[in-house]
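Residue numbers (the working numbering), protein chains in the order written: chain A, 675 to 914; chain B, 675 to 914; chain C, 3 to 364; chain D, 3 to 364; chain E, 535 to 768.
Please note that the accuracy of each hint is not assured.
[Said to hold, decoys possible] Here are the simulated DSS-like pairs of lysine-lysine, each with C-alpha atoms no more than 25 Å apart in a straight line:
| no. | chain 1 | residue 1 | chain 2 | residue 2 |
| --- | --- | --- | --- | --- |
| 1 | A | K757 | E | K678 |
| 2 | E | K548 | E | K739 |
| 3 | C | K169 | D | K169 |
| 4 | E | K739 | E | K753 |
| 5 | D | K209 | C | K169 |
| 6 | B | K757 | E | K607 |
| 7 | E | K607 | E | K739 |
| 8 | B | K805 | A | K805 |
| 9 | E | K739 | A | K700 |
| 10 | E | K739 | B | K757 |
| 11 | E | K548 | E | K753 |
| 12 | E | K548 | E | K607 |
| 13 | C | K209 | D | K169 |
Just so you know, the hints here were simulated from the structure itself, not pulled from any lab data.
Here's the letter readout for the chains.
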Amino acid sequence: MLDGLPGGLTFTLTPDEWRAVALSLKVSVWATLVSLPFGVAVAYVLARYEFWGKQALNGLVHLPLILPPVVTGYILLMTFGRKGFVGGLLDQYLGIVLAFRWTGAALAAAVMAFPLMVRAIRLAIEAVDPKLEQAASTLGASRAWVFATVTLPLILPGVIAGAILAFAKAMGEFGATITFVSNIPGQTQTLPSAIYSFLQVPGGDAQAARLVLIAVAIALLALLLSEWIGRAVARRIAGS
Amino acid sequence: MLDGLPGGLTFTLTPDEWRAVALSLKVSVWATLVSLPFGVAVAYVLARYEFWGKQALNGLVHLPLILPPVVTGYILLMTFGRKGFVGGLLDQYLGIVLAFRWTGAALAAAVMAFPLMVRAIRLAIEAVDPKLEQAASTLGASRAWVFATVTLPLILPGVIAGAILAFAKAMGEFGATITFVSNIPGQTQTLPSAIYSFLQVPGGDAQAARLVLIAVAIALLALLLSEWIGRAVARRIAGS
Amino acid sequence: MSLTVRFAHRFGDFSLDVAFQAPAGVTALSGRSGSGKTSVINAVAGLIRPDAGRIQLGETVLFDAERRISVPVHRRRLGYVFQEGRLFPHLSVRQNLNYGRWFAPRSPGESFDHVVGMLGIDGLLERRPGGLSGGEKQRVAIGRALLANPRLLLMDEPLAALDEERKAEILPYLERLRGETDIPILYVSHSMAEVARLATTLVLMDKGQVIRSGPAHEVLSDPENVPALGIRAAGASLQAIVAAQAEDGLTRLEASAGPLFLPHVDASLGARLSIRILAQDVILSRTRPEGLSALNILPATVMAVRLGEGPGAIIQLRAGDDLLLARITRRSALALELAPGAACFAVLKSVAVAQSEVGGAG
Amino acid sequence: MSLTVRFAHRFGDFSLDVAFQAPAGVTALSGRSGSGKTSVINAVAGLIRPDAGRIQLGETVLFDAERRISVPVHRRRLGYVFQEGRLFPHLSVRQNLNYGRWFAPRSPGESFDHVVGMLGIDGLLERRPGGLSGGEKQRVAIGRALLANPRLLLMDEPLAALDEERKAEILPYLERLRGETDIPILYVSHSMAEVARLATTLVLMDKGQVIRSGPAHEVLSDPENVPALGIRAAGASLQAIVAAQAEDGLTRLEASAGPLFLPHVDASLGARLSIRILAQDVILSRTRPEGLSALNILPATVMAVRLGEGPGAIIQLRAGDDLLLARITRRSALALELAPGAACFAVLKSVAVAQSEVGGAG
Amino acid sequence: LAGDITIFAAASMKTALDEVVTAWNAETGNTAVVSYAGSSALARQIQGGAPADLFISAAVNWMDTLQQDGLIKPETRVDLLGNSIVLVAHGAGAAPVQIAPGFDLAGMLGENRLAMALVDSVPAGVYGKAALTSLGVWDAVEPKVAQADNVRAALALVAAGEAPLGIVYATDAAAEPGVSVVGTFPAGSHPAIIYPAAVMAETGKPDAEAFLIYLSGAKARAAFEGQGFQVLKK
Ligand SMILES: Nc1ncnc2c1ncn2[C@@H]1O[C@H](COP(=O)(O)OP(=O)(O)OP(=O)(O)O)[C@@H](O)[C@H]1O
Ligand SMILES: Nc1ncnc2c1ncn2[C@@H]1O[C@H](COP(=O)(O)OP(=O)(O)OP(=O)(O)O)[C@@H](O)[C@H]1O
Ligand SMILES: [Mg+2]
Ligand SMILES: [Mg+2]
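In isolation and in its complexed conformation, chain A is listed as follows (with noise of 0.2 Å):
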């Protein structure tokens, strides 16, 4: 916490910003994480299969980049929500609820960030020389084997790559977050969420500005950690 900037700006964050920040990195760690599996597996049918319905999987998983955030938060809502179909079944057989929960907030954010994170981890496996694939099947490794051993470590950086910018667009994604979950200070009011509502009282920018380079810090943060594992992948794989 920096207090007292020159400019009169002050870093001391109200609890509520706190725990918005807090919320934040919250969302975006779960919705980066959880989908990534997804995102992988998706990307991957993509790349290697050629099947019925491919292309509308694929728009699918762009929709929500196409979509007007607000769209897909409605569409979210009226799915996921508790008198939604998913989210009715989700609520009465696992007991799981989304609407007004951190959940959703993460579940809009892994579904705003999807498209992005599959491209790129798509582009990596394209980029997969299949001739290490079937050396690898050929010393014994099955499809899946095939796929941990080789494939997998060979798109690391993709990975990464979609990962972070996952992880990114969540903590920047808001029009389908307070749409579907809404701004609930503490439970769902994200960074982004927290930022809009300074924007939208006259004065209320250098607020906004503190908490817009706390995102803009975090994101940041994570996008050199990445770099830097990436590199350190990449190194690897070029031999010393």
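Since chain A is already given, all that's left is putting chains B, C, D and E with the ligands on it; use the hints.
Just chains B, C, D and E with the ligands now, kept in the frame of chain A:
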């Protein structure tokens, strides 16, 4: 135009809506095409060079992803608006006005889509075997020629993926656009802004849904096209 | 175990139509560049699915187009040394070598240390393939295939990138493998020296077809095949038994036609060896020559004389129970009046029979 | 034009420290796998920037660590045949072949059709490299380098993946290139037959060092180098003049020690040739042998006897003005009482001197 | 064209204002176009030099800000419309609720949420919070409030049944079949809900003022009242 669908939905668009569709297309196509060379250049620099300030550039590129779109919109407004620093210069010396013009909408869309484009292209560049580039240089190709004759053709699938991501994002971009260039029908009202307008009033949902379908159809068409081109390019590279 | 291959396949303009039998031991595939050798191996490995035909290993049908059987690649238990290495770039050399072992049934198999030592890659184990030299990569690829404990070994020009010394270290290992196991080895090579030394069976390919196939010593010693094999590769094999190891480093063997002295052969007394004698290393004389540095002089009878198009001639001889080939000039053939039935002496230098052409009786 | 190479460089554990001179003609780099041959070529190409040293082609300094000069790779005007092909996957074979021409100054250079025909890749021109066989790729890579109209040709095991017949087609082309142009050719090869045939200069490497270098015929005929070259590669060169082309396909040459009969040599009468005779192809006799199929019997004098560790011995002979090497068993050396000064006869088969070892006098 | 004017208007006015604009265009042959967005965004754009001729805000504070900045012609500023906030419940035909000081809103919610617009920044939310505070129930309700980024989103939460109750503008509630109005907040419980309008200082369009006058005319009044707005007398 499909009139009178069963659900009572009608696909006859009002002139304003037509204009929104046309404008969205124009904005997205321009945003994609004009930013593409920059995207390729930035991706190349990030993928292949180490320099002081590289991580700053990387962060800057990702910023629009991290920030709530509204914030990006305000930053654009303050920078490229007629009263903004860059906007003022552009107006004064080049006679280019971006604020509240479709060109501004294109700028906003391009800025928002830029991180996606750069990531995709960068991943593709990182997957190119530098040994092939070396081989080209031993044959007399300067760095620029190596890029044009070896690197670029090899990353084409990635460039296409990046462009299509950017186009889809541009088609769906809303927050930054409406904030930067407002929502003036026929001038800056894109499809997502029109959808937003309908969603803000009682009973506008059906009309909004109609526009959403149009937006989705356009973006999916572009997506299909890109898949198809990407496949053709990949097949050419694989050899007969 | 024996491998039966019969299939047809097309890519683009190229059509492949082959049938051959590869018994236990080394089956060499040879033929010009582009003749389809790699494609045959790929079909056996399951990396190409032929349009028609059947591939069977022992009792196991690996592929049958009619019955729509195709055993997945990873269940075929292969050791495949690819023409282009294909090492895993993200794994260390050690991990590359061990890769196949993760999946192979635990069984004695080859000893890691032994294979690594033989290939001279001890110093590279912790490196990644990226920085290895061409030959180092190739050696790691060989090791990886050998260590996978395979039921079928596919080797596509495994020694092409290696220096003679290294080859001389690896070849005896492959011979031992051939002798000790019953796994069929498909071995692509352009080097007739390698082929002659290793191959039990030889399959000659051209333009996607098998043009000759059969036991290596028959194919190699048939004067009719000289054009297909290339004149420098023609030769025949003598069967001989190790009789004594002399103090001066020579080994005396007994062939049916008489004694042979060779540079030290690492085999126990009484061992039966097959010794390949290249046609161009044989000098003929109608009388027993005296005072030559060549130690081996075998009485022989001319069986056939085949005059080539050039200045050379191939003479097939019988020496004891064995057949020999000699390549001499047509002028000498005429001067010495070599005709079927003529008695003569075959002179061979001890040192011309290099280590690489003495093999256990295949 | 001459290439001067002197530099030191380290990667990881491996350190390279070489100095040699490559005059116009072919400079063969030979040595065990991992000895640093590719690294040397890469440094000359500019793909590795050595830690120290200087590389100069004719008057042009390509690299000078002290003066901080390093000509960019693309200005070095190279034709580099990489050990691993490196064809451009997105371009057709024709486009690959023409790639270097886009950048080379317009000059007569090599004819496209001629190179393509010699390499036998006419049928592949519209294909993409993806589907080519190993040898086909290698041939396209050779063509691409030759057609770039280079001032310096770097060839890293260019023929390793090719069959003997194909090699026999490409080698004369390289010989012609060596004869007709003054561009230095750095040629990595494990095949002593290739080296002996092509090399004007020979550089032997081991563990990153140059262990021998000099004119090829000197290095090859020095008995001291036999261990380094490998016993099967040792040999020496005779200088001879084409004297007659006989009707039976033999060519008569006159060496200083007497006439030599070889299978048809494609050279005009009076041409001066260098003929490489492998040590293991020479048989010695104290008396002139009669009635042998071997046509070439040269009187010679023993200059030196070098007993190896094994059962062999290397005898250096003077035959006329030329030096010869013979590799025989130690037992024969003792039996024939070969000692310096002893007179003897060297017997060589005409056919043992294969086409590939007759070259224009380098 | 001199007759073409650009109106920046709060998004919630779209239905009614579109009607008025259509009528105006037909009557005058001029073209008026409306850019709808949130009041804050529009105000900031005007600060950034937007080519607006007329601004109709849903919040008084933003108009005040513009006035301080000298961006509007103060003499043209009018309080154009009024609105009220209501309590809505999910589904049609819900039982009315007596909204009075201390009414048991928290009890009615139980474990569920009360949907509102952002209570500190979006006007409808600010008014709602003020009303609940003056009625003395805010402290009990506050932990149960789900704040949406605008009234429409809050309404959607109630319509979808995700929140049983919500506080929205009367104008929005009237047109949504998925909810029923169960009570109206007394006008005194919150600051007056006013939509101020003004002509921009920098406009060169006389038609802007004409249009502003037209907005108070009979046709406009009918359109606004049709949507449930109160048209305020000058
Ligand atoms: N980046 C590197 N890091 C560590 N060692 C390296 C690196 N590059 C090359 N080496 C080592 O340098 C040595 C020489 O390699 P080089 O490729 O020059 O050998 P070479 O003589 O061409 O061998 P080959 O005949 O097998 O191709 C090898 O042992 C190799 O492992
Ligand atoms: N996908 C393909 N499309 C068209 N032709 C192909 C394809 N794959 C292989 N071929 C052709 O089939 C022929 C046989 O190829 P293969 O790799 O089996 O040859 P090879 O005998 O192994 O040659 P080399 O000794 O050069 O490695 C070649 O002419 C090659 O060009
Ligand atoms: Mg092959
Ligand atoms: Mg090498």
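(message) Hint compliance check: list the failing hint numbers for this structure, sorted ascending.
(response) 9
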